[in-house]
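**Q** First to last, the sequence lines map onto chains F and W.
Numbered by our numbering, the letters in the first sequence go through residues 140 to 376 in order.
Numbered by our numbering, the letters in the second sequence go through residues 152 to 781 in order.
Calculated from the structure, these hints are not laboratory results.
Every residue, glycine too, gets a C-beta built ideally from N, C-alpha and C.
A portion of the hints provided could be inaccurate.
What the hints assert, rightly or not - Below, in silico cross-link-like pairs of lysine-lysine (BS3-like), each with a Cα-Cα straight-line distance of 30 Å or less:
{"hint": "1", "chain 1": "F", "residue 1": "K321", "chain 2": "F", "residue 2": "K146"}
{"hint": "2", "chain 1": "F", "residue 1": "K260", "chain 2": "W", "residue 2": "K262"}
{"hint": "3", "chain 1": "W", "residue 1": "K768", "chain 2": "W", "residue 2": "K751"}
{"hint": "4", "chain 1": "F", "residue 1": "K268", "chain 2": "W", "residue 2": "K751"}
{"hint": "5", "chain 1": "W", "residue 1": "K544", "chain 2": "W", "residue 2": "K581"}
{"hint": "6", "chain 1": "W", "residue 1": "K326", "chain 2": "W", "residue 2": "K417"}
What the hints assert, rightly or not - Heads up, incomplete: computed chain F residues facing chain W, CB under 8 Å, no partners named:
{"hint": "7", "residue": "E173"}
{"hint": "8", "residue": "P175"}
{"hint": "9", "residue": "I218"}
{"hint": "10", "residue": "N337"}
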Amino acid sequence: MALYPYKQIPNNWDEFYSEQVQQDLPTTLKAFYEQPLLSSHQTMQATDFVAVDIETTGMNAELDDIVSIGLVPFDSRRIYVAQAKHWMISSQHLTSESIVVHGITHTELAQAPSLSEVLPKLFTHLQGKQVVVHYRYMEREFFRTAVAEWVEQNFLFPVIDTLELEAQFLRQQQSLASRLLKKQLPSLRLLYARERYNLPAYENHNALVDALATAELLQAQIVKQGLTDIPVRTLWR
Amino acid sequence: MSVEIQDIITFVSAFEPFNNLPEAELASLCGNIEVSYYQAGSQILEHGGTIDALHMVRSGSVEVFRRTGELYNRLESGEVFGQMGILLNGHVRYPVRALEDTLVYRIPSQKILEMCDLVAEFGDYFEFNEHSTLQQEVLNQADENDMTTVRVREIIQREPIYMSADTPVRECAQKMTEQNVTSAVILDQGSTATSPEEDDVLAPGIITDRDLRMRVLAAGLSLETPLREVMTTDLITIHHDAYVYEAMLLMLRHDIHHLPLVNNQKVTGVVSLTDIVQHESQNSLLLVRGIMLQETVEGLIELSPQIGQMMVRMQKEGANSHMIGTAMSVIGRAFKQRLLQLAEEKLGPPPVPYCFLALGSMAREEQLLVTDQDNALILSPNYHEDKHGLYFKQLADFVCDGLHECGYTYCTGGIMASNPQWRMTLQGWKEHFSHWIEKPDPQALLNASIFFDMDGVEGKTVWAEQLIRFIVGKAKNNPAFLAALARNALNRTPPLGFFKDFVLEIDGRQRYSLNLKRRGTAPMVDVIRVHALAEGSLSQNSFDRLEDLAASSLLPEGKKDELSDAMEYLSMIRIRQQVAALEAGEEPDNTVEPETLSSKERRGLKEAFQVLSNAQKFLRFRYTASQKSL
Numbered sequence: 140m141a142l143y144p145y146k147q148i149p150n151n152w153d154e155f156y157s158e159q160v161q162q163d164l165p166t167t168l169k170a171f172y173e174q175p176l177l178s179s180h181q182t183m184q185a186t187d188f189v190a191v192d193i194e195t196t197g198m199n200a201e202l203d204d205i206v207s208i209g210l211v212p213f214d215s216r217r218i219y220v221a222q223a224k225h226w227m228i229s230s231q232h233l234t235s236e237s238i239v240v241h242g243i244t245h246t247e248l249a250q251a252p253s254l255s256e257v258l259p260k261l262f263t264h265l266q267g268k269q270v271v272v273h274y275r276y277m278e279r280e281f282f283r284t285a286v287a288e289w290v291e292q293n294f295l296f297p298v299i300d301t302l303e304l305e306a307q308f309l310r311q312q313q314s315l316a317s318r319l320l321k322k323q324l325p326s327l328r329l330l331y332a333r334e335r336y337n338l339p340a341y342e343n344h345n346a347l348v349d350a351l352a353t354a355e356l357l358q359a360q361i362v363k364q365g366l367t368d369i370p371v372r373t374l375w376r
Numbered sequence: 152m153s154v155e156i157q158d159i160i161t162f163v164s165a166f167e168p169f170n171n172l173p174e175a176e177l178a179s180l181c182g183n184i185e186v187s188y189y190q191a192g193s194q195i196l197e198h199g200g201t202i203d204a205l206h207m208v209r210s211g212s213v214e215v216f217r218r219t220g221e222l223y224n225r226l227e228s229g230e231v232f233g234q235m236g237i238l239l240n241g242h243v244r245y246p247v248r249a250l251e252d253t254l255v256y257r258i259p260s261q262k263i264l265e266m267c268d269l270v271a272e273f274g275d276y277f278e279f280n281e282h283s284t285l286q287q288e289v290l291n292q293a294d295e296n297d298m299t300t301v302r303v304r305e306i307i308q309r310e311p312i313y314m315s316a317d318t319p320v321r322e323c324a325q326k327m328t329e330q331n332v333t334s335a336v337i338l339d340q341g342s343t344a345t346s347p348e349e350d351d352v353l354a355p356g357i358i359t360d361r362d363l364r365m366r367v368l369a370a371g372l373s374l375e376t377p378l379r380e381v382m383t384t385d386l387i388t389i390h391h392d393a394y395v396y397e398a399m400l401l402m403l404r405h406d407i408h409h410l411p412l413v414n415n416q417k418v419t420g421v422v423s424l425t426d427i428v429q430h431e432s433q434n435s436l437l438l439v440r441g442i443m444l445q446e447t448v449e450g451l452i453e454l455s456p457q458i459g460q461m462m463v464r465m466q467k468e469g470a471n472s473h474m475i476g477t478a479m480s481v482i483g484r485a486f487k488q489r490l491l492q493l494a495e496e497k498l499g500p501p502p503v504p505y506c507f508l509a510l511g512s513m514a515r516e517e518q519l520l521v522t523d524q525d526n527a528l529i530l531s532p533n534y535h536e537d538k539h540g541l542y543f544k545q546l547a548d549f550v551c552d553g554l555h556e557c558g559y560t561y562c563t564g565g566i567m568a569s570n571p572q573w574r575m576t577l578q579g580w581k582e583h584f585s586h587w588i589e590k591p592d593p594q595a596l597l598n599a600s601i602f603f604d605m606d607g608v609e610g611k612t613v614w615a616e617q618l619i620r621f622i623v624g625k626a627k628n629n630p631a632f633l634a635a636l637a638r639n640a641l642n643r644t645p646p647l648g649f650f651k652d653f654v655l656e657i658d659g660r661q662r663y664s665l666n667l668k669r670r671g672t673a674p675m676v677d678v679i680r681v682h683a684l685a686e687g688s689l690s691q692n693s694f695d696r697l698e699d700l701a702a703s704s705l706l707p708e709g710k711k712d713e714l715s716d717a718m719e720y721l722s723m724i725r726i727r728q729q730v731a732a733l734e735a736g737e738e739p740d741n742t743v744e745p746e747t748l749s750s751k752e753r754r755g756l757k758e759a760f761q762v763l764s765n766a767q768k769f770l771r772f773r774y775t776a777s778q779k780s781l
């Protein structure tokens, strides 16, 4: 089966999943696709989420590498820190620039597992959960590229994108005039989005903290944007 | 193994009680946190619901309510709630609601209980009941102090010696010398020397070294004189289970060196000044002795810096605010007494008897530093303005000027004996109070509240007692007066903002600060006074007044202790601030800058202010509600 090209996603997720289970996949990836997708009635408040964040050597999934992955399972009521995961990943492409950004050193990464060791664990932790990211073109594209390079298979899944939710909400809030004039929205970056919900500013950025920050943001968006009883599928990206 | 999120650890460890945890335990605790977001106005804990975690405010703020729906506390970032529920039975005791959009860290109960066992200080933090921090602080204070925990019977050196009233003084002196004691207890069923106002059924006597010297030798009496004729009979005694400081204060107050201890109407021992001095090397007795020995006003002025030093010492020794307040009042009283004696030496004996009154904090025995003088005079029924007016004017001026120079500054409201308006006969005072009570005018009462805290200092102090009985009897049955007083007691509110934080004011030194007296202890005293008058309590001290209220149904259960703890806490912080200022060589005042306090102190202070705020609400409801509907 052909691989989906960069930044393209299936029109129909149900069809896509049933196609994938037919393929000859590594066990963990197969198990991931075998989990049925959410029913169309399932609401935000009744769903198990997992927030995921990655740190990379750059912005381009086709050129840059994943340096670390953080994830935190949660639901609309609670974030389960005890079940959070944080993996460092050894990489060949670590530039001195990205070291400054993430504070991860070569030594740390030398001892870290390779991406191919971590990916099966990642599948297991995402399996059966609704994935949540802040800006889908990072995590999903990097994961897709990594799996394609690794086993030449598709790794795609529907996400809830907190950045997209924020953008839509802010647009709705805007006056008609502002909308017509295409006035710029306030910053959608995680830090600024969180500020609008009275969420604290975290200082030590890494994939895990940002995954936690994303989970908190979605919890806040659910109550403040009135998404509690909204079917999850309507928010899929 | 759980992951470490540095941001969570850094945050949690910045606050009590988590700052007491070793690193590994802290990491394990933080690794098990659950996070929940609550929109402003949403319920976080429902009364009676189950609870399995200690809650910590990460951002935003919450309100804690009593079961009755009454607001109990506001908590902000770093503060915890739900401890009652997890320690009791896993059911929510106090409902909690988000005041702002709030992020909450939930720390599993099991982890908390584990840590309580593991780290003693952590456990201590959760050892509390109803009013947590405050009560704990107050208890801690008491623990540290010896004088509040040691009973007077424990420090007396030996059994007293007993003599019959018919024994000749020589025999008694021989016995005392033999036994190496400075006093003897005299047993005599026939003694009738008690004054009619005292219902003292004990009626033994006591004789001391000093009595033998002054009443026998100096007076040139025969050594065969029976003890009956020279012994002291109207005894001041104390129960043998009383605390050392209570005995000390009683001795200070009456300027006596020997205090018989009684139990079951029998004298079980005599505590001497020496016993107490030995027990408490540094004490205010010596200062009072010093004051009484001064022959000139200048001498008194020279002694006055010791007042502050005394407070520093007592605070260091761990005395509570009641003890310090009483000691400071007793010292202030000694200055007044000595000044009056010096005035009488200068002006001659008074032409008619008088009673010098202390008003306000000194009368309540709650005096601290930075206090102005509030006093007045009760004059004899035989007083005639034209014949005696000049004498009492001069007497009052002498005392008030002297007090001013000793650091008890003139009362800005002119409530001083030197003001002719406040020199009246007992009858005059009764009429004056009748007017205040029967035709209550909140405006007129505004500055009169300190007149309702009164104590006789010198002269015919029994007139002061009579006047207090008269006032209390009248006030008790006068709801309109109580309502007016209650309204005035609501004028000064505690400095808590509508949301959660302290409301600061700019003080004399252009710093943002809290005024602990004006916004704390003073309104608290006002609140307690209203209840005490309503109950007919004759006590003047706020703690004593609260004790008197214990038996009544005036206050809801638990309120009395809550008020008492809050009063103690506010006073102690005030005292600590004054002590810190003195030690830094600064002028003490009644303000505090919140950032100079620890987070625990800030929390205690907020809790105390909240108690005051609730007490004011209750006061409004209790005394003024019915008035409004009229």
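**Q** Confirm or reject each hint.
**A** To see whether the hints hold, each was checked on the structure:
no.	hint	verdict
1	F:K321 to F:K146	holds (26 Å)
2	F:K260 to W:K262	holds (28 Å)
3	W:K768 to W:K751	holds (26 Å)
4	F:K268 to W:K751	violated (42 Å)
5	W:K544 to W:K581	holds (21 Å)
6	W:K326 to W:K417	holds (21 Å)
7	E173	violated (28 Å)
8	P175	violated (27 Å)
9	I218	holds (4 Å)
10	N337	holds (4 Å)
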